[in-house]
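Student: Each chain, letter by letter, is given below.
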Amino acid sequence: MARVVVDVMPKPEILDPQGQVVARALPRLGFSGVTEVRQGKHFELEVDDSVDDETLAKIAEGLLANPVIEQWTVRRVEA
Amino acid sequence: MTARIGVITFPGTLDDGDAARAVRYAEAEAVPLWHADEDLKGVDAVVVPGGFSYGDYLRTGVIARHAPVMTAVIEAAHRGMPVLGICNGFQILCEAGLLPGAMIRNAGLHFICRDQWLRVENTGTVWTTRYEPGAEILIPMKNIDGCYMAEQSTLDELEAEGRVVFRYVGGNPNGSRNDIAGIRSADGRVVGLMPHPEHAIDALTGPSDDGLGMFYSAVDALVNA
Numbered sequence: 000m001a002r003v004v005v006d007v008m009p010k011p012e013i014l015d016p017q018g019q020v021v022a023r024a025l026p027r028l029g030f031s032g033v034t035e036v037r038q039g040k041h042f043e044l045e046v047d048d049s050v051d052d053e054t055l056a057k058i059a060e061g062l063l064a065n066p067v068i069e070q071w072t073v074r075r076v077e078a
Numbered sequence: 000m001t002a003r004i005g006v007i008t009f010p011g012t013l014d015d016g017d018a019a020r021a022v023r024y025a026e027a028e029a030v031p032l033w034h035a036d037e038d039l040k041g042v043d044a045v046v047v048p049g050g051f052s053y054g055d056y057l058r059t060g061v062i063a064r065h066a067p068v069m070t071a072v073i074e075a076a077h078r079g080m081p082v083l084g085i086c087n088g089f090q091i092l093c094e095a096g097l098l099p100g101a102m103i104r105n106a107g108l109h110f111i112c113r114d115q116w117l118r119v120e121n122t123g124t125v126w127t128t129r130y131e132p133g134a135e136i137l138i139p140m141k142n143i144d145g146c147y148m149a150e151q152s153t154l155d156e157l158e159a160e161g162r163v164v165f166r167y168v169g170g171n172p173n174g175s176r177n178d179i180a181g182i183r184s185a186d187g188r189v190v191g192l193m194p195h196p197e198h199a200i201d202a203l204t205g206p207s208d209d210g211l212g213m214f215y216s217a218v219d220a221l222v223n224a
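Going down the list, the protein sequences come from chains A and B.
Under numbering that gives the first Met the number 0, think of the first position of the first sequence as 0, with each following residue one higher.
Under numbering that gives the first Met the number 0, think of the first position of the second sequence as 0, with each following residue one higher.
Worth double-checking, as some hints may not be accurate.
Straight-line alpha carbon distances no greater than 30 Å define the calculated DSSO-like cross-link-like pairs of lysine-lysine that follow [as the list claims (entries may be wrong)]:
# : chain 1 : residue 1 : chain 2 : residue 2
1 : A       : K10       : A       : K40
2 : B       : K40       : A       : K10
3 : A       : K40       : B       : K141
No wet-lab data here; the hints were simulated from the structure.
Looking at chain B on its own, in the form it has when it is part of the complex (with noise of 0.2 Å):
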């Protein structure tokens, strides 16, 4: 079978092309999904791409978390459909309730635009299974709003239970507690992290390819569902 996984785009969404080529890329079929629908069209997996949802406004990723499409991926992923939130999208995940915190403005104000390493902190997600544990990846990072805050007990909860996916090395970039990048929910469904690996899916046009793993990951784990 073919793995079926929706990108979503809403007004203000960038990175819905990117998302889906690297869905294609892992040989699944890319089902676009429009903020307004109120049905999944029987996809197996979501992806929330990054951007800059209906500008941004009030909140990163409040009012995208109330479009019609996010009350469909909310009760998916209760189901425990597989659901990766990259950027804006993890950021809507947050406004979501799916995963724990939010981001705020980056410490020191600057919009961070680079190639950033970070090291796979838990490969026991849907997402994550292709990587080594403990592998440093490199991919890009692009946002002003990326510094992760929760409570302290969120944080030792998450430390804890090994839901810290993705962190920061070589210095945190923007302020964010523990140098977290990405975390996955209770179920090692839902996945979300600041940085895009469906930038670096292929060496001609990223930094790497280490980003592929990801949508890899979730195709392996669909396919042998």
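Chain A on its own, in the form it takes in the complex (with noise of 0.2 Å):
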């Protein structure tokens, strides 16, 4: 057993009006020097041996993340 983590992001294109309105939110709150944040996804998945990094890339890529939008990076974590 191993732990994965697949972080999903929109890429840097595209337009992320919810870490825009975070950003904006944070002076209001008091908190200066935040120039930018961008709002994305975080999986832990819980899978066995015989999982193997091609097998998670089409997991990452066919249904995590939508690669017209989204960009991913899947890890490997000590659970």
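Using the hints, build the complex out of the two chains.
Tutor: Okay, here's the thing in structure tokens:
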């Protein structure tokens, strides 16, 4: 068994209105110096040893992310 | 003959009732299709209606795209069966790869619910032959994930090939690239749009009957086929 983390983020050139709203809220709350916020998704998968990196890439690209608007990374972490 | 047009219901679909009514107004038979159906009951065309299929979990349209009935729709569309995706249905067709691009959250983050003017940019699709080129129509729009996004190369291709079918007029409501409200497949048989023609089929209950032309267009094509 291993824990796999998949992070999905809007592509840099894609408008991220939710991230923009968070960025605009920060100065109102007294936090200065944050120049940009991008909002994405974080998935944690518990997988057994039979699941190889190629399969994980297919899961990320085929379901968890939409490659038209999002980019993704897969990494194995200590559970 | 009477055209038989399927209307899909997923868990969370809202507008299947109105879509079926619009099909009947256009003098076709509305055939209910369920998300778990693996065949299309011999229909001549399919409407993928709006709503929030599977609660919009993960991304709008993505879970529905993997439902058994969509496997059949994708196969049939590749053989040339006409398909219309409205709102969530448009999002599902994009996720399915039948139409290019994707919808993201509206610029401004508001759920926008209003009657919206559109210009009919292409009357060569199965779903738009009843309109005059450049006609402006008024139909309801109601969504929060209606901002059409695609890569610049895809947009250039859509524009060059006349595949933008509907464009917002009177200002861009949601940040959609090129004011795009609806597009078509290369063969003109698959069309998707965010606003709701099925809610504008009778002046008694909608802002106009401008949406009915989409259903009559398809019936014309099917009956004359």
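Student: Each hint needs a verdict: does it hold in this structure or not?
Tutor: Quick rundown of the hints versus the structure:
Only pairs whose Cα atoms come within 30 Å are accepted, and A:K10 paired with A:K40 is accepted, the gap being roughly 12 Å. About 40 Å separates the Cα atoms of B:K40 and A:K10, which puts this hinted pair outside 30 Å; it is violated. Distance hint between A:K40 and B:K141 is fulfilled; the C-alpha atoms sit about 25 Å from each other, no more than 30 Å.
Figure legend: structure checked against the earlier numbered hints; the only hint not met is number 2.
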